[in-house]
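Peer 1: Using the sequences and the hints, build the whole thing.
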Amino acid sequence: MLDLTPDEWTAIALSLRIALVATAVGLPFGVAVAWLLARKDFWGKTLFDGIIHLPLVLPPVVTGYLLLISFGRRGPIGAFLADYLGIVLSFRWTGAALACGIMGFPLLVRPIRLAIEAIDQKLEQAAATLGANRLRVFATVTLPLALPGLIAGCVLCFAKALGEFGATITFVSNIPGETQTISAAIYTFTQIPGGDAGAGRLVLVAIAISLVALVLSEWLARRAGMRFHGE
Amino acid sequence: MLSVDVEKRLRARDGEFTVSARFATANGVTALFGPSGSGKSTLVNMIAGLVTPDRGRIAIADTVLFDSKVRINVPTHQRRIGYVFQEGRLFPHLSVASNIDYGRRMSGLPADPAETKRIVDLLDIAHLVDRRPGKLSGGERQRVAVGRALLMRPRLLLLDEPLAALDAARKREILPYLQRLRDEVPMVYVSHHAGELRRIATSVVRIDGGRVAAVGGKELLEELDADVV
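First to last, the protein sequences are chains B and D.
When the letters of the first sequence are read in order and numbered with the working numbering, they come out as residues 8 to 238.
When the letters of the second sequence are read in order and numbered with the working numbering, they come out as residues 1188 to 1416.
Treat the hints with care, as some may be off.
As the list claims (entries may be wrong) - Take a look, some chain D residues computed to stay more than 12 Å from chain B by CB distance:
1) R1198
2) G1236
3) I1306
4) G1325
5) S1390
6) A1400
Said to hold, decoys possible - Derived DSSO-like pairs: lysine-lysine, alpha-carbon spacing no greater than 30 Å straight-line:
7) K1358(D) <-> K1322(D)
8) K1322(D) <-> K129(B)
9) K129(B) <-> K52(B)
10) K1322(D) <-> K1304(D)
11) K1304(D) <-> K1358(D)
12) K129(B) <-> K1358(D)
13) K129(B) <-> K47(B)
14) K1405(D) <-> K1358(D)
15) K1304(D) <-> K129(B)
Read the hints as simulated data drawn from the structure, not as lab findings.
All values derive from a computational prediction rather than experimental measurement.
From the three backbone atoms N, C-alpha and C, an ideal C-beta is built for every residue, glycine too.
Peer 2: Okay, here's the thing in structure tokens:
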């Protein structure tokens, strides 16, 4: 129905891939950070919390620039990754996933942290009396009970990653087929005469993807909630 | 059976409170009896390993669970002590069947359908196994909690005010089930309610102000009924 050009399809597929990878790779770290913030008191916790939330308040261009100078080929981390592990992030889709993951990270952590904070720790004590060590308590009690928070965090992070523009374009530029996401493609269309039709098509696609993600998460969260209250 | 000799300073709202108690139990049901806030729950939590004593020793027969002198502190999950809490604490995300099976799985015991059936029948909870804990009545919940603790084959069963959240009719409903357990496993039964203990206890340790006030048989319950209830 929408007559999308091959380039537009590429941008859509790339956006989905980047957002999925950013969310999936970020999730284990997000759970670990959320658990630390919810359960542990340690020196520098406020600062740590602040750094995690920094991408939310910093101009995205700043985050992108910081990524460029640290993860770029000549940046300290980028050079190490390239020389020793053969991983190049700058101007690659993987770099876009890194930028999107960092921008979405605070949104991923927050709902998970709240969900873990809401868990009655007496249930975890009960699990310990029944013979579960700390890791198994976490896997069989904490994590399943925090599932609605995990779903919410993933959806928010995915949505943020899908729409991310500033940090991504600063770090990995706007290369069709490699780093040109839906957002970047729309931006490109608005810069060329007669690009309105293409921009309009991609705008519709972006709206559709976002709606599907929201409905899906609502449905998942309701199913997870239902498991706790009978049926 | 169980021997306890512990000391623990707690911060209470009105200054400090010290639990300092020494007692031993035989097989059967030992009642820890005393007014609310006398330190009974802290004592059972120390036995379970949920609270660490400042100093002392806790042992079941020859197995030392805690000894501050030689720095032994067996973690809760390795103590094999069943614990039935006042509020049941069933896992809301698991079915009743999975709740009952949880302790056995986590303790690494092989599945034993015959034993599971025996306990389930003993507690009359067979018709509940497919439900979620959220759909159970208070009395049903406590029976499931007892079953869950029993199926991990505990060396000792702790019950902390297991009937306190129930109304009188439900209490009468559950007590017979608990009486049936007397031959299953040694129990430490915490309550401030003399009537309930009179029906189930075989020996009594009276706790008051964090200390052991008296040790004896059920006659301790008779004397003190009035000022506790």
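Peer 1: The structure should be examined with respect to each hint, and the outcome stated for every one.
Peer 2: Evaluation of the provided hints:
no.: 1; hint: R1198; in the structure: 17 Å, holds
no.: 2; hint: G1236; in the structure: 8 Å, violated
no.: 3; hint: I1306; in the structure: 14 Å, holds
no.: 4; hint: G1325; in the structure: 15 Å, holds
no.: 5; hint: S1390; in the structure: 23 Å, holds
no.: 6; hint: A1400; in the structure: 27 Å, holds
no.: 7; hint: K1358(D) <-> K1322(D); in the structure: 19 Å, holds
no.: 8; hint: K1322(D) <-> K129(B); in the structure: 20 Å, holds
no.: 9; hint: K129(B) <-> K52(B); in the structure: 25 Å, holds
no.: 10; hint: K1322(D) <-> K1304(D); in the structure: 22 Å, holds
no.: 11; hint: K1304(D) <-> K1358(D); in the structure: 24 Å, holds
no.: 12; hint: K129(B) <-> K1358(D); in the structure: 23 Å, holds
no.: 13; hint: K129(B) <-> K47(B); in the structure: 16 Å, holds
no.: 14; hint: K1405(D) <-> K1358(D); in the structure: 20 Å, holds
no.: 15; hint: K1304(D) <-> K129(B); in the structure: 28 Å, holds
The structure does not agree with numbered hint 2 stated previously, though it agrees with all others.
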